[in-house]
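Undergrad: One letter stands for each residue in the lines below.
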Amino acid sequence: MREVFHLQEEYLLSIKDVCKSFSGVKVLKNVCLNIKAGTIHSLMGENGAGKSTLMKCLFGIYKQDEGAFYFKGEPFNFTDPKHALENGVSMVHQELNQVTKRTITDNIWLGRYPTKGFFVDEKKMHGDTMSLFKRLNIHLDPKTRLDQLSVSQRQMVEIAKAVSYDARIIVLDEPTSSLTSHEVEMLFAIMRRLRDEGVGIVYISHKMEEIFQVSDEVTILRDGSYIGTEDIKDLTMEKIVNMMVGRDLDDRFPPKDNEPSDVHMSVKNLSTRYSPIIHDVNFELRRGEILGVAGLVGAGRTEMLEAIFGARTLKSGEIYIDGKKIDNSTPHKAINNKFALLTEERRETGLYPIADITFNSCISNIQAYKNKIGFLDDKKMKEDTDIQIKNMRIKTPNRREKIRSLSGGNQQKVIIGRWLLTNPDILLLDEPTRGIDVGAKYEIYQLIINLAKTGKSIIVVSSEMPELLGITNRIMVMSNGYVSGTVNTDETTQREIFNLSTKYLNNNREAEV
Amino acid sequence: MISLENTIQRKFMGKSKENWKDLIVNNAIYIVIFSIILFIVISEPSFVSLAVFKNILTQSSVRLILAFGVGGIIILQGTDLSLGRMVGFAAVISGSLLQRPDYANRFYPHMDQLPLIVPLLAAIAVCSFFSAVNGFVVAQFKIHPFLATMGMMITLYGILSIYFASGAPGPQPIGGFDDRYTELVIGSTLGIPNIVIIAAIISFFIWVLWNKTTFGKNMYAVGGNPEAAKVSGVNVMTTFLLVYILAGVMYGIGGFLEAARIGSANNGTGTGYELDAIAACVVGGISFSGGIGKVSGAIAGVLMFTIISYGMTFIGMDQYFQYIIKGIIIVAAVSLDTKKYLKKS
Ligand SMILES: Nc1ncnc2c1ncn2[C@@H]1O[C@H](COP(=O)(O)OP(=O)(O)OP(=O)(O)O)[C@@H](O)[C@H]1O
Ligand SMILES: [Mg+2]
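Line order of the protein sequences matches chains D and P.
Those letters in the first sequence? Residues 3 to 515, per the numbering used here, in order.
Those letters in the second sequence? Residues 405 to 749, per the numbering used here, in order.
The following block holds chain D by itself, in its conformation from the complex (with noise of 0.2 Å):
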């Protein structure tokens, strides 16, 4: 590993030392990270390893308990995030923090509208949005309402506004957990063209792939120590979860042993009334099969999972479960059924923020904790609590820990843990290993596996392609709302998925321009 030797001057940002501790529990340890200007910078480390934590310090939203920043040799420390803003560091928040009942326009200019005497300048800040999102290739009308948007271009829009604030420091905090290929691909073209404007970026992010594609250097934390920095021609993937894990890790994939049965569920010219509209899904699903859904943003896959749980408004479609007409018009109907979905944006949709990990983990699964008088029972709800916190590797003190606490991949493993314990018979799963690290998404492929085999059925939405080749026995893909193909796992190719899900993209062709 390489020394840090060199004058801090040298740097555009030097961090040095920090230390900080909640609630007594040290979780960055004297870490160290140095970027020089025009460089891309990846943060890596396992989830709670204490990436965020260090950015937040950096924002001036958490004071760190010891150490220092360094600006070009300059120390600074900011208060707060105006002050961090106003002095050139913006950041794209690992948690998507935005007005979702507001405007685009009003979202990206937040805390510092352009103003005519007493006025907001609305047609400046039009102007102003027009042409970022022109010089980012975005396609998006600035004054739709952000909850009319899916969760991917919510955070285009997220790194548009932290592009727009022109900072010699840009922190990107998972941008990419819920962009697809083409989006990532466009992130990439504005984080390379910043690079070379000498912007200094720091970029975190749990996939490998995306890791060796774009970044310059690579510093990795393990428990809120800093482990190393090296060169990204220096690294191996091996090499770098190893740093990460503190020891080999040999596959990425378990072994995919379940054996698909006979048809369990089947759905039939599955259509929904509001867009985004999904036109006529027919398909089915083997007991004990693990179905992969592969599309680009748009496609529908979110709605289909939400179409099949009772969560949107159907135009036609029927539903049948070993060869049974079922009624999932509601969610509570479809979780009567004996189904889960585990939603894209659990965040905002799954979570109990201020209540702990045992109540977030059981909470949907309350009934089964009665004991013969009515009465939850208390020491039943720990041992399934703590089970789960030992088998997804939940980094936390306890299982009182309120959620809100735990770092933004282990909050999506107590999310995961919830649905299994409520031991559905067929899982939707959307995103299922978002944010999740390369040590723990490996315990979550196993657990899928392991369900399959014991007679669950299981779909799952997944942007990852190696994931969804890894562990999927067929791939359906979809594109435009429409399906426009099933292909058999171990027969296809990225290239023919790709193909596949941009099969329909031509109909609306005219719309592009």
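These aren't lab readings, by the way, just hints derived from the structure by calculation.
The structure presented is a predicted model; accordingly, all values stated were derived computationally and were not measured.
Below, simulated DMTMM-like cross-link-like pairs (lysine to aspartate or glutamate); rule was C-alpha separation at most 25 Å, straight line:
| no. | chain 1 | residue 1 | chain 2 | residue 2 |
| --- | --- | --- | --- | --- |
| 1 | P | LYS616 | D | ASP130 |
| 2 | D | LYS65 | P | GLU631 |
| 3 | P | LYS698 | D | GLU124 |
| 4 | P | LYS634 | D | GLU88 |
| 5 | P | LYS634 | D | GLU124 |
| 6 | P | LYS546 | D | ASP82 |
| 7 | D | LYS335 | D | ASP427 |
| 8 | P | LYS616 | D | ASP143 |
| 9 | P | LYS634 | D | ASP130 |
| 10 | P | LYS698 | D | ASP149 |
| 11 | P | LYS634 | D | GLU97 |
| 12 | P | LYS698 | D | ASP123 |
| 13 | P | LYS546 | D | GLU97 |
| 14 | P | LYS634 | D | GLU347 |
| 15 | D | LYS145 | P | GLU631 |
| 16 | P | LYS616 | D | GLU88 |
| 17 | P | LYS634 | D | ASP82 |
| 18 | P | LYS634 | D | ASP67 |
| 19 | D | LYS404 | P | GLU631 |
| 20 | D | LYS84 | P | GLU631 |
The hints should help you fit chain P with the ligands onto chain D, whose structure is shown.
TA: Here is chain P with the ligands on its own, set in the frame of chain D:
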């Protein structure tokens, strides 16, 4: 590129597909209210008259001003139980400072006639101060606004009653108002009641503030997602203080007008007004979940409430029966409002 298709789809298809059923669900509360109004008009056709119309506008004016005040606080995910006491305080201050010189039972027997603006400013200052305290407590100590303002409601009643009893004649209703004061509030200009003109001017002013200024946009942002506002560099504390102070200003003006409208003031003036104002906001679509609400909504909410209560009295409906209908409307409005957000469109 793909995103554009998506937006276009969402925008246009979503609209054209909106069918009758949704139209009805989305506007159910208005349909119910208009049915009631229709019922009133059919049972008593003389309800449709200029005089009634004027009366309704006059009765709505103060309520509307108060609704604007608490409306901003509701947009910040809050509520304000101390509204009624603030109005009472403002009414007592205005009344005590604006009695006819020749009136026998004067609060301040030897005071000269004051310019009208002085008592108005005094009322505004007192309400703004106490409301700012509310805002500070809520923002700084993260106390739920329901509790913080409940404490303020009780405290204020004490302070108000002490002040009320401190006048020369002792704790007696304050009356005998200065003609200039009465004339300003209950007089008319070009046939339009002054109080309605005042409410209209304030509505415009609030509309500009909420929609066209940084203050207004920050208010919606902080109400919609305080965390997002904070990390975008909005000063959350300042926004809270400003919204609560604006509410105080509205209460001050409301109390000033209310004393003259009723013709007297005492320490019980304004009791329960908070519930009327909050109910009107909710019926008008200012959502308790924060970040949502329009000036036009507050106006619609207040007008509908006044029309219904006035109309029901007009056709001679039993007072207690009116309570039942109003209560049901509030709960229905809120449940339909929630339903709108639950179902993804
Ligand atoms: N506000 C808080 N209160 C208490 N503990 C916290 C708080 N924020 C973070 N932590 C703890 O600090 C540790 C580091 O969290 P952090 O969010 O920095 O991890 P991370 O590296 O960003 O992980 P991920 O990849 O999951 O986002 C975690 O163990 C978390 O539980
Ligand atoms: Mg993080």
